[in-house]
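Let chain A serve as the given structure and place chains B and C on it in line with the hints.
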Amino acid sequence: MFKRTFLTTGAAAAALMTALAGPLAAQTYPEGPITIVVPFPPGGSTDLLARQLGESLSAQLDQPVVVENRGGAGGTVGANYVAQSDPDGYTLLMGVTGSNAISAALRDDLPYSPTENFDPVSIVISSPLALVVNSDSDFESVQDVLDFAKENPDTFTHGTPGVGTSMHMAGELFALESGTSLVHVPYKGSAAALQDLLGGRIDAMFGDILVTSEYIANGRLTALGVTGTQEHFLLEGVPTIAEAGLPDYAAFSWQGLFAPAGTPTEALDTLYGAVSTALESEEMQAMFRERGFLVEGMPPAESKAFIASEVEKWTEVVDAAGLKQ
Amino acid sequence: MNILQGFETGLATALTWHALMYCFIGVTIGTFVGVLPGIGALAAISLALPLTYYLDPTDALIMLAGIFYGAQYGGSTASILLNLPGTATAAITCLDGYPLAQQGKAPLAIFVTAINSFVGSSIAIVLVMGFAPAIAEFALEFGAEDYFSVMLLGLVAASTLTIGSPMKALSMVVFGLLLGMVGTDVNTGQFRFTFGLFELADGFSIVAVAMGLFGVAEIISNIRQPQGVIQKVGRIRMKDMMPERGEWRQIVRPTLRGSAIGSFVGALPGTGPGIASLMAYATEKRISKTPDRFGKGALEGISAPEAANNASVQSAFIPMLSLGIPGDAIVAVLMGAMILHGITPGPNLINSEPQMFWGLIMSFWVGNLMLLVLNIPLIGLWVKLLSVPYNLLYPGILVFICVGVFSADNNVFDIFVVLGFGVLGYLMRRFGFPATPVLLGFILGPLLEENFRRAMLLSRGDASVFFTSPISAVFMGLSLIFLGSVFLPGLRQRLLRRAPVEMNEDDD
Amino acid sequence: MASSPAFSFRPGPYLPGVVVILTGAAVAAGALNYPLGSVLRPGPGFFPLGLSVLLMVMGLGVLIEARATARAAPADTPEEPFHWGALIGTVVSILAFGLSVERIGFIPATLLLFAICAVFEGGRDWRRLALAALFIAGLGTAVFIWGLGLPLSAFGGA
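Protein chains in written order, with the numbering used here: chain A, 1 to 325; chain B, 1 to 508; chain C, 1 to 158.
So here's chain A without its partners, still in its complex pose (with noise of 0.2 angstroms):
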């Protein structure tokens, strides 16, 4: 009995403890602004997405949230900035695929190591791809494609935003899996390769869904798959590549918010912890049904192990595709 009550009072204690540590906690982070650096330029879907999630984790943690762009070399610019930052919780990155894992695959003198630098907070959304041809062409199907490509290898030409962007790599990964031999056609951004697309140019594209939704809707792309695991919203009707005709294929981007290494535990927890309720919020889900992203919210050790199968997975790509600079 007394020993009951004993329990339960330390129980109650610890609770007492746990209930009074966890504001104290979080008081003593974040003390001051937090600064989300986007390592890009102003007006693209990471720094919208920065900017939202920043703006939450502003009224969460009671501290201004500052976003800065740091464009540069795809993202690698902006990313060493922050690894080099001190890891203090008070300076993240919003890391996206080419930044935090291709790239570490492409680039033998990149400065830094996605899996050795960051302690990821969370991989915030995912995004997948569609391969999509022009409404002329005589392609309508995944299977097509791949008949086409097995006969006729290095002929079928897919353009993509340029060398090392996940478009990219969603080619070389249908490549590798089928065994094929794509031509890839690289340009600087998408919006010159969607050109060429749209002028019947180029064969196809691995491309942004949300851009290229609004050419399917309107009859000039048609959409032969989506590099996900399912079916996606903006896409109804459209299969997976998985399911048409090429089983194992799976090719996502992403984003997510990175800490350097070594920021302390509290402070990814805490932050973390402001994230996943910023993703459940109204205007959040509102803002990612419009640009077609899906939710992931992974936990820091999830994101970390996320991260590192990443990397394996684009550098035995990149790899087999002879690209390594």
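In short, the hints are calculated from the structure, not lab data.
Using N, Cα and C, we set each Cβ at its ideal position, and we do this for glycine too.
Errors might be hidden in some of the hints.
[Claimed, not checked] Which bits of chain C does chain B cover? Going by a derived footprint, with three or more residues having C-beta under 8 angstroms, they are:
#1 51-59
#2 88-94
#3 100-112
#4 141-149
Okay, now just chains B and C, sitting in the frame of chain A:
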């Protein structure tokens, strides 16, 4: 919706008090960032974009677009008064604008560029209103080989810009082309000439190159010149600004030609106002009966490029609004602004968002009128800047240049780049190498290479595409005509008739 | 610095051409590090190599031109003095600004830039210069930091 209905809808949108207010704010910011050397439209729009997150999307776009075309008005002012371009695209206006200022005609020159800008913009807006979808579809016909040929024509035109030593000018074109190779090779992802610096992976920033070669270099040559650019500035009267009848006649055709060239170039995605003003200038010089006056204060030399860059800025909206394809970096940011307001520009925009489309276009008229009204009284203010002693003025200009290049990527690295190009620019001047061809080569080089290699990739190594594609063939032909008519006889004449006259400084 | 006369720097008429040729050679050496490809399938090294060779040819042209000029007009053309003071002053002031602006803030960095310019200029009028410096520092803070939100502080590190 036909044009008349569109007109009505658009006016109703553009004339609401809030649209007028944001339009005014936009064009005012635009004028000032245009005048200030260093910070340009791209940086200003990028920085202002987050401020518009809470505005109505149409208002936000009206304001941001106002910054874009407003900067084209202001850009020429610093070129004319101080021989340093306010924006990278206004570099070509230095060539004839500054000599005009030296002749005491600064108010006239600024007034003329305001008129040119207005006319150029107006013509392009009419095109956007009437033919945007058709023009955009036509632009879609341009493949890599066609782009290559257009750029080649630009390059050929650039090589006719030589004043002074032709070999020095041509070597600077090549040098500019090489500078454009620095950075990531688009086709393979290979870093070229980056010396392990990831900051150079996207190449040198055009703002840093232009501000260094023109701005910082100009300052170095001017410091400690006892006179500097100081001029006696009295009250500016309307008479000083108004062109005389002969001068009006001089500028009419160049302005119209410049507007046409600018509208065409602007509608092609991937080009930009820099290429437009260069081509317009080269064309004027080529068809002028007195090409010798160019570089010495020819009104045509400021009229055509100013009309062209404003026209190109307006027509750059054509591919964005009717196809969802942004033509250049600035329009891409504007498109980002639309997307984040939940409007994805695409082929349906005109039908699905008529209020935004027509409202924006009508705001172009409103904004350009505002700019005209705003800029003419400002002429007096700007010209008064000349009475500030140079030793007080130039450190301030240096600060603006530094902060301007910094603001592009928020990276101090670009401050050191601008410094490097400033020193280079000064040495070049000192030894009679002109800077304009470097800038032209720098703009055109990457486009030439990228499109050549893409054309070869898509044609599987068949070089005949440059002549079998009709569009490319036309531009190839134009290049040949240009080359034949200008370059060969010009060079022969120069080599035979006289030793080339060194042009040490283009400002004395 | 201020009183030192900008002495004349006469590098000889052939230096510019030689510098152009050397630049071309240096670029060519760099370009050889990249795959060349072929004319119809150029690699990343193709254009830089071709252009650098062209630049060397142009450099030769500049040399020939210089020779012709030297013959036509023997070297008695008055040379504009080389502005060493202005060059070094500008270099130092921009370097100082670039290195310090993220550490000590925009306003101190601006004042520093003005001060260095003034030292090299031999500032006759410190009072007006200080006013100009304060004006630019204030205007810049208002426009860039408060208005446009550049990630710089007015004072202190960013």
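Which hints from the list above does the structure break, by number from lowest to highest?
Violated hints: none at all, because every hint is consistent with the structure.
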